[in-house]
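K.L.:
Build out the structure end to end from the sequences listed, making use of the hints.
Taking the numbering used here, I'd label the letters of the sequence shown as residues 48 to 157.
In short, the hints are calculated from the structure, not lab data. Among these hints, one or two may not hold up.
No farther apart than 16 Å at their CA atoms in a straight line, the calculated lysine to aspartate or glutamate pairs in the EDC-like style are these [said to hold, decoys possible]: (1) K87 - E51; (2) K50 - D76; (3) K87 - E52; (4) K50 - E80; (5) K50 - D117; (6) K74 - D59; (7) K87 - D49.
Beta-carbon label-pair distances, calculated as ranges [stated by the list, open to error]: (8) T99 - E51: 27 to 35 Å; (9) K74 - R104: 14 to 22 Å; (10) R109 - G61: 26 to 34 Å; (11) D117 - G58: 14 to 22 Å.
No residue lacks a Cβ here, since even glycine has one placed at the ideal position from N, Cα and C.
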Amino acid sequence: MDKEELITFAGDAGWAVTGHRWLRFTKGDTRVEVWYAGDKPRMVSAALHSPTSGTRRINIVRDRATSIADTVRSWLSPSISAVDRLWLRPIGAPETGDNGQVVGNVALFA
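P.N.:
Encoded structure:
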């Protein structure tokens, strides 16, 4: 994901954006910082700072198995609000096993 795509994605999700070679996204008390490097800028490091969940840092050297861009995109994605979660309900009655746990897939809608 290039910088312009990330900026557009974050803006659509309601984040304020600042920076150039690094980008800082802020929404309320939460901050996401992303660093780019190289002639063709690529995402090399990112950090999520949240008062509730602390700080999480990822970088291309230590976290090569994960896609930094996918992780950052998940951090910036709009989450379901608490009010919306209250309205989620199953479509039809889910099938349950002998132990009372749901068997198979359950579709939810708001």
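K.L.:
It remains to establish, for every hint, whether it holds in the given structure.
P.N.:
For each hint, the structure was consulted:
| no. | hint | in the structure |
| --- | --- | --- |
| 1 | K87 - E51 | 13 Å, holds |
| 2 | K50 - D76 | 23 Å, violated |
| 3 | K87 - E52 | 14 Å, holds |
| 4 | K50 - E80 | 12 Å, holds |
| 5 | K50 - D117 | 13 Å, holds |
| 6 | K74 - D59 | 12 Å, holds |
| 7 | K87 - D49 | 9 Å, holds |
| 8 | T99 - E51: 27 to 35 Å | 30 Å, holds |
| 9 | K74 - R104: 14 to 22 Å | 19 Å, holds |
| 10 | R109 - G61: 26 to 34 Å | 30 Å, holds |
| 11 | D117 - G58: 14 to 22 Å | 19 Å, holds |
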